[in-house]
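> Position chain B relative to chain A; hints supplied.
2 protein chains.
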Amino acid sequence: MTELSTPAPAGRSRGRSARRSARQGGVGQNKHLAVPFITRNIPTYDLLDEDNLVKIEQGADRILAEIGIEFRDDPETVNLFEKAGGQVTKISDTVWNIKFEPGMIREILKTAPERFTQHARNPANSVEIGGDAMVLAPSYGSPFVMEMGKERRYGTLNDFENFVKLAQSSPWLHHSGGTICEPTDIPVNKRHLDMVYAHMRYSDRAFLGSITAPERAVDNIEMSRILFGAEFVDNNCVIMGNFNSTSPLVWDGVSTQGIRVYAEAGQGSIHLPFLLGGAVSPVTNAGTIAQGLAESMVGCALTQLVRPGAPAILAMFHATMSLRSGSPTFGTPESALGSLVMGQLARRLKLPLRCAGNFSTSKLPDGQAMTQAMMSMMSAVQCGANYILHSAGFLDGLLSMSYEKFMLDLDVCGAMHTYLNGFEVNDDTMGISALAEGGPGEHLFGTAHTLAHYETAYWDSAINDDHPYETWSEQGEVDSMVRANGLWKKTLEEYQAPPLDSELDGQLKDFIARRKASMEDAWY
Amino acid sequence: MTELSTPAPAGRSRGRSARRSARQGGVGQNKHLAVPFITRNIPTYDLLDEDNLVKIEQGADRILAEIGIEFRDDPETVNLFEKAGGQVTKISDTVWNIKFEPGMIREILKTAPERFTQHARNPANSVEIGGDAMVLAPSYGSPFVMEMGKERRYGTLNDFENFVKLAQSSPWLHHSGGTICEPTDIPVNKRHLDMVYAHMRYSDRAFLGSITAPERAVDNIEMSRILFGAEFVDNNCVIMGNFNSTSPLVWDGVSTQGIRVYAEAGQGSIHLPFLLGGAVSPVTNAGTIAQGLAESMVGCALTQLVRPGAPAILAMFHATMSLRSGSPTFGTPESALGSLVMGQLARRLKLPLRCAGNFSTSKLPDGQAMTQAMMSMMSAVQCGANYILHSAGFLDGLLSMSYEKFMLDLDVCGAMHTYLNGFEVNDDTMGISALAEGGPGEHLFGTAHTLAHYETAYWDSAINDDHPYETWSEQGEVDSMVRANGLWKKTLEEYQAPPLDSELDGQLKDFIARRKASMEDAWY
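Residue numbers (this note's numbering), protein chains in the order written: chain A, 1 to 524; chain B, 525 to 1048.
For the record, the hints were derived by calculation from the structure and aren't laboratory data. Some clues are possibly wrong.
Unchecked claim - Cβ pair distances, simulated, as ranges:
hint, chain 1, residue 1, chain 2, residue 2, range
1, B, S957, A, T94, 25 to 35 Å
2, B, D573, A, K350, 19 to 29 Å
3, B, K555, A, G309, 51 to 61 Å
4, B, D575, A, V35, 21 to 31 Å
5, A, K350, B, E1018, 51 to 61 Å
Backbone N, C-alpha and C define an ideal beta-carbon position, used for all residues, glycine too.
Extracted from the complex, chain A is given alone in its bound form (with noise of 0.2 Å):
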């Protein structure tokens, strides 16, 4: 197949490009494949028909008028509710159940946006979420990190900063994500100054901010001010938080709250309820995603009460149970169909949807982890979910960023390119003239076609090895962990941050050293 490289300057031409594709995170021969976000050019996957859909949504209604949700901690979203209709019962002096008639709820999302621009410091970066934009970021919230041939250890700040940069050095994740993993050397009240402050200083995508207190949302926010100017923020989305529900059915104070906060300064959040069917929801999938879709539309709801227009993400995430050992399971088939149903329910509701990711119940990135993202990940991109954290370095059911399965996830992320990029037809693409200058029985290899097509053809992984037996042999028989590893550490070696402003920086730090100053060390 030697044919192939002849065209190119051989030698030469290969060094720079290996030089480049090391500087990219293993891009290769994929540049021409890098956007600031995806847009989706291929049908999304429509698993159920109308009749059923309505079934859904009337399930999540009688869920709400019947059954209704429970809010904790939190008296001014309760008068919110209760002014927009809400029939409150009050079970304690901070608990309230309320219930909402059918299309209460429905009602109050009509002014929240289809689709909306989250900024980046880089304008360049500034992505779209919703319709059919698709914005990938890193995994969530792990406690602990893994990295090849040592134990499982609590996650640092330095891991935090080395997956930010990790993730900026990726053309194929668009977004720098939140909580990557837990710096747990830093007070948990001081946590989200310095990872907010790595989002904003090693790269120059946007990102989520700190959920775990109202106080911590304003700081963030604050931050934001500083980065973008004050009447930017005012007027634009910089920043969003992730907020999960307390399944089944309550919505507690420090979630709603920082909702408000987030919603307050007209930036956006994620309304995440975490579903484990059997434990937390019905142990049937329509269930689940009928209970799921009724808690993420009251979050939604309550941004509107809040600010009409601010921007709300519709979100899902939906883990089983294994029989055996009870153990929640991620990136099982039950998963993914539930996956392309909420795709479905978004549109109707006009939302843009955050779901699934490349989730995996494995310990390693081997077999069983990549099997498991594959039927995650691939549900999230055929369900049209407009923004999809989880995309790189989940293990251990969430509980463990893991080095090299981020590496092996962003190549997931890159082949996603290819895919939502669809089948072009077209007379160039159908290539009649490449099978006739030959005729039957000659290769392709020089015809005018595919010397004009073959370097952008296909999706290049950086990770796979396709080479024969033999070669892969000589090479030292390594698995795809083996080079994954490599291949975190020649990108970081390699990494430069994207230029800040010193004075802005200056500023940034500013800010957070007086915060800082200003309480004790607080672990909890």
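Leaving out everything else, chain B in the frame of chain A:
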């Protein structure tokens, strides 16, 4: 989560279940999913609209009308196509080009069945091929075999029999396949006898016969007449051959003679272009699919000229090329998109489809292997393929059958049973009663709904480790390759051959002995 285990009579039931599980190749809690073949209960994933599908069909028609197909060494096939209206140009004494008016091949194909039954010697295992039926079969044609911790080696008859036994032991395959690996210790002109005997003796499922020479196809059909009775074979499909075109645009005489042998006997045939884009088909996707459609349609059409109504399967094997090494690559996003389109084209043509499988170019059952396998296999089930060869064992770009990959792939095949079963929406699956039972904030472990469903609610992998990190660590920190290694060895140990009438067995052995005695060993 101990609540979940309460309702089951713990120890005793689990022991029985574990033993049963071992006998059934790790079916575990999923016994309810076992079926002789899958009936697809989800929609296909339709990538292209009508206009673009028509363009591809017109492209295939143009290829057949303007460039034509080359036939070699089989004047009878040339006669058949000439009589049917093909425009024959003689190129040499053994080579002809035939051009076909647009629509002519489609017209011939109208007598081919949209769906048919391939009978197994155990009638409960007979499969349907076409429509919403899906049949999964092991990988096919590797000269090498791989086993954890050992060097790659040439396959032997012992390996072949092992894979037949492993396939038979799994509920997640429906068909015994064909040349699972090459038994290279048996002379080339005699292996077809031993291979088909192994399928007949160690499996009671349907299988494929020889295609390497027409007289070998005759031998295998004769063996089928012994097993099923001559009259039954005259009237029913009990064996199929998998025939390759010689792309681009050539059907050689060994293939066309073999196709005629199967069709004359009323047996099935698969018509497979093996397209490496840029090498033997256009480097752009649309052209590769158009060419594949043209080549496969012509193979299928030949069967109808020989015996109208003979079962014929449209097929497509699409590999791309690594731009760095020139090696073929499998499980790429381009091929996945191609499969989705091929499914649409097959349905428009009303022919059953074979395509994709658990493809990979990895040399180990690692993360790369399963990423590629999943990209490919998801496309096979989503495109509505009816016969999915290469569903288990494929590594090393089809050069090797891997024992461990076989088991990992079986697990994927099992998950596909759940996936293809779809998403049921009714009052019971909505489970609102379960949510109402405890209300907001209360878990659902002990609800009547959970107890009624939990045993069959979720796919339960036989290989994945979903335990917490600590348990996994105590159990040796092994990866899924190691678990797969243990599982195939245990499965083989516990394998029991399905009963076979000793008289029939004697007749088969006599036939094989006579045929072997009638010819010298040949190694080509």
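> Now, for every hint given, state plainly whether the structure supports it.
Comparing the hints with the structure gives:
no.: 1; hint: S957(B) x T94(A): 25 to 35 Å; in the structure: holds (28 Å)
no.: 2; hint: D573(B) x K350(A): 19 to 29 Å; in the structure: holds (24 Å)
no.: 3; hint: K555(B) x G309(A): 51 to 61 Å; in the structure: holds (53 Å)
no.: 4; hint: D575(B) x V35(A): 21 to 31 Å; in the structure: holds (26 Å)
no.: 5; hint: K350(A) x E1018(B): 51 to 61 Å; in the structure: holds (55 Å)
The structure agrees with every numbered hint stated previously.
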